[in-house]
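S.K.: Sequence:
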Amino acid sequence: GRAHRMQHRMLAADRRELWIDDSVTVSMREGKQILRGVLIDVTDRVHAEQAAAAVASDARQLAAAIDAHADAVFLTNANGQITRVNAAFERMTGYSAAEAVGRNPSILKSRSTEPAVHGELWTTIRSGRPWSGRLCNQRRAGRTTGDGAAETYWADVSITPLRDADGGLAGFVAVERDVTAVVEAEERERHRLEGAELRLRVAKILRFGRTRTNVGV
1 GRAHRMQHRM
11 LAADRRELWI
21 DDSVTVSMRE
31 GKQILRGVLI
41 DVTDRVHAEQ
51 AAAAVASDAR
61 QLAAAIDAHA
71 DAVFLTNANG
81 QITRVNAAFE
91 RMTGYSAAEA
101 VGRNPSILKS
111 RSTEPAVHGE
121 LWTTIRSGRP
131 WSGRLCNQRR
141 AGRTTGDGAA
151 ETYWADVSIT
161 PLRDADGGLA
171 GFVAVERDVT
181 AVVEAEERER
191 HRLEGAELRL
201 RVAKILRFGR
211 TRTNVGV
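The sequence shown lines up with residues 1 to 217 when you count with our numbering.
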């Protein structure tokens with residue numbers, strides 16, 4: 001005998017499933033209960049709410065995936081301003097999320113990377129194409145080496161443009177992996193090979209000198 005309002009599904013005559021906002025009032029007339037109901041089709045609204053909830057769920061899952069990623073990840077808007085970083089980014093660069101968000105990734109740029117490399121990077125991603133390569137980046141000011149120079153690190157970097165619903169450039173997502181140890185090992189190997197080649201050349205020169213002396217005798 002009470003009025004009620006609920007939302008439920010119904011089947012239309014053509015078997016389409018509809019969401020209905022069902023509102024019923026109860027009154028008495030000549031000792032009998034009279035029910036008056038209003039059914040409003042809210043299918044579009046419910047579907048929009050469901051889609052929004054799915055997007056929000058996807059966004060939460062994406063955020064969790066970014067935060068849990070072992071490599072440094074940061075997102076930017078179309079102008080290149082950082083909008084989000086993960087914990088690995090904070091550990092690798094020394095910048096907290098609060099310090100990095102709103103700034104340009106150029107805060108990581110060191111003098112050890114040729115300007116032409118950064119020029120190629122920006123030309124590529126602004127054209128909507130992904131870029132990958134190796135950069136020598138700089139950690140947050142204050143993190144220095146023993147001689148007072150800014151501390152740098154080598155990173156394999158992958159940057160991918162992000163598109164909005166209309167296909168326009170919405171921003172970029174960058175992933176950085178610290179490969180400093182790899183680069184240092186490669187450099188040691190290069191010096192070792194160069195030293196071995198140099199010793200071989202010296203040995204050849206000395207051997208040639210002895211040969212000429214013996215011929216002269």
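Don't read these hints as lab results, they were simulated from the structure.
Do not take every clue at face value.
The calculated label-pair distances, taken between Cβ atoms and stated as ranges, are [stated by the list, open to error]:
| id | residue 1 | residue 2 | range |
| --- | --- | --- | --- |
| 1 | R140 | A54 | 33 to 39 Å |
| 2 | A98 | R15 | 51 to 57 Å |
| 3 | M10 | A78 | 27 to 33 Å |
| 4 | A78 | A116 | 21 to 27 Å |
All residues carry an ideal CB built from backbone N, CA and C; glycine is no exception.
S.K.: All hints, please: hold or fail.
M.R.: Evaluated hints:
no.: 1; hint: R140 to A54: 33 to 39 Å; verdict: 38 Å, holds
no.: 2; hint: A98 to R15: 51 to 57 Å; verdict: 55 Å, holds
no.: 3; hint: M10 to A78: 27 to 33 Å; verdict: 45 Å, violated
no.: 4; hint: A78 to A116: 21 to 27 Å; verdict: 24 Å, holds
Comparing the model with each numbered hint stated earlier shows that hint 3 is the single one that does not hold.
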